[in-house]
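So that you can map any letter, position 120 of the first sequence is 120 in the numbering used here, and since no number is skipped, the others follow by simple counting.
These are computed hints drawn from the structure, not numbers from a lab.
Be aware that one or more of the hints could be misleading.
[Stated by the list, open to error] Derived lysine-lysine pairs resembling BS3-like cross-links, with alpha carbons at most 25 Å apart:
id, residue 1, residue 2
1, K107, K124
2, K131, K109
3, K24, K124
4, K107, K20
5, K46, K107
6, K121, K131
[What the hints assert, rightly or not] Between beta-carbon pairs, the in silico distance windows are:
id, residue 1, residue 2, range
7, E83, K115, 31 to 39 Å
8, G122, K89, 26 to 34 Å
9, R146, Y73, 43 to 51 Å
10, H27, S55, 15 to 23 Å
11, G47, G132, 18 to 26 Å
12, P81, E116, 40 to 48 Å
13, P88, R154, 31 to 39 Å
14, D93, E152, 43 to 51 Å
15, K153, M1, 15 to 23 Å
16, K127, E152, 13 to 21 Å
17, R32, R70, 29 to 37 Å
18, K89, K121, 37 to 45 Å
19, N45, D91, 24 to 32 Å
20, E59, Q130, 15 to 23 Å
Heads up, the beta-carbon is just placed ideally off N, CA and C, and yes, glycines get one too.
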Amino acid sequence: MNYWLLKSEPDVFGIDDLAKAPKKTEHWDGVRNYQARNFMRDDMNKGDQVFFYHSNCAEPGIVGIAEIVRAGYPDHTAFDPKEKYFDPKSDPDKPRWYMVDVRYRRKLKRPITLKELKENKGLKSMKLLQKGNRLSVMPVTEREWRAILALEKR
DNA sequence: GCCAACGTTGGC
DNA sequence: GCCAACGTTGGC
1 MNYWLLKSEP DVFGIDDLAK APKKTEHWDG VRNYQARNFM RDDMNKGDQV FFYHSNCAEP
61 GIVGIAEIVR AGYPDHTAFD PKEKYFDPKS DPDKPRWYMV DVRYRRKLKR PITLKELKEN
121 KGLKSMKLLQ KGNRLSVMPV TEREWRAILA LEKR
């Protein structure tokens with residue numbers, strides 16, 4: 001099993017939106033970055049655990065836990081000219097972009113803010129904290145996963 | 001709103 | 001293949 005961190009802007013689609021979705025499940029569509037695409041297409045499996053991260057907001061940080069319930073499959077929003085993330089270069093016979101399905105599990109008892117993650121020496125290696133990192137989909141190591149859950153209990 | 005960092009595009 | 005121009009991300 002793998003661990004991941006998914007970024008989302010709470011003003012656009014936050015943890016509460018996922019919790020309110022039918023079956024508490026949503027397509028993680030609209031990812032238009034090759035590195036993120038590769039993670040979703042090649043490495044995400046059903047059952048993988050996800051930290052739900054709020055970005056571009058007053059208090060960026062990890063706010064909840066979700067689970068991958070469907071592994072990578074073609075992102076059909078790329079084929080539809082009416083969609084915001086339409087990409088004419090993505091051919092249904094040879095899809096350029098992929099998505100996964102994500103199901104809500106729970107909110108953290110309290111948000112673990114970006115600030116707190118940065119202050120934790122054991123988490124320095126986190127991809128999220130690397131300079132200039134803008135990936136919206138990234139792997140989390142098991143050690144990092146456990147360390148962050150331990151922070152929640154403090 | 002600002003701006004640094006990064007990814008992508010396209011001319012050459 | 002190089003690199004300038006441009007668009008986007010996301011913290012602050």
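Worksheet item: So the hint says 29 to 37 Å: do the beta-carbon atoms of R32 and R70 match that?
Response: The hinted range 29 to 37 Å is violated for R32 and R70, with Cβ atoms some 19 Å apart.
Worksheet item: Should the hint that P81 and E116 are 40 to 48 Å apart at their CB atoms be regarded as holding?
Response: Holds: the Cβ-Cβ distance is about 43 Å, inside 40 to 48 Å.
Worksheet entry | Consistency of beta-carbon spacing, E152 to D93, with hint 43 to 51 Å | 45 Å, holds
Worksheet item: Is 43 to 51 Å right for how far apart the beta carbons of R146 and Y73 are?
Response: Once the Cβ atoms are compared, 30 Å apart, the range 43 to 51 Å for Y73 and R146 is violated.
Item to complete: Could you see if the CB distance from K153 to M1 stays within 15 to 23 Å?
Response: 22 Å, holds
Practice prompt. Take the C-alpha atoms of K46 and K107, compute the straight-line distance between them, and say whether it is at most 25 Å.
Written response: 20 Å, holds
Worksheet item: Range hint 15 to 23 Å: satisfied by the CB atoms of E59 and Q130?
Response: Since the Cβ atoms of E59 and Q130 sit about 21 Å apart, the hinted range of 15 to 23 Å holds.
Discussion item. Checking one constraint from the list: CA of K107 to CA of K20, max 25 Å. Satisfied?
Written reply: 13 Å, holds
Item to complete: Quickly compare the C-alpha distance for K121 and K131 to 25 Å and report which way the hint goes.
Response: 16 Å, holds
Worksheet item: Does the Cβ-Cβ separation between H27 and S55 fall within 15 to 23 Å?
Response: 19 Å, holds
Discussion item. Taking 31 to 39 Å as the stated bounds, is the beta-carbon spacing between E83 and K115 within them?
Written reply: 35 Å, holds
Worksheet item: N45 and D91, beta-carbon distance inside 24 to 32 Å?
Response: Check passed, 26 Å falls within 24 to 32 Å.
The structure shown violates the earlier hints numbered 2, 3, 8, 9, 11, 13 and 17.
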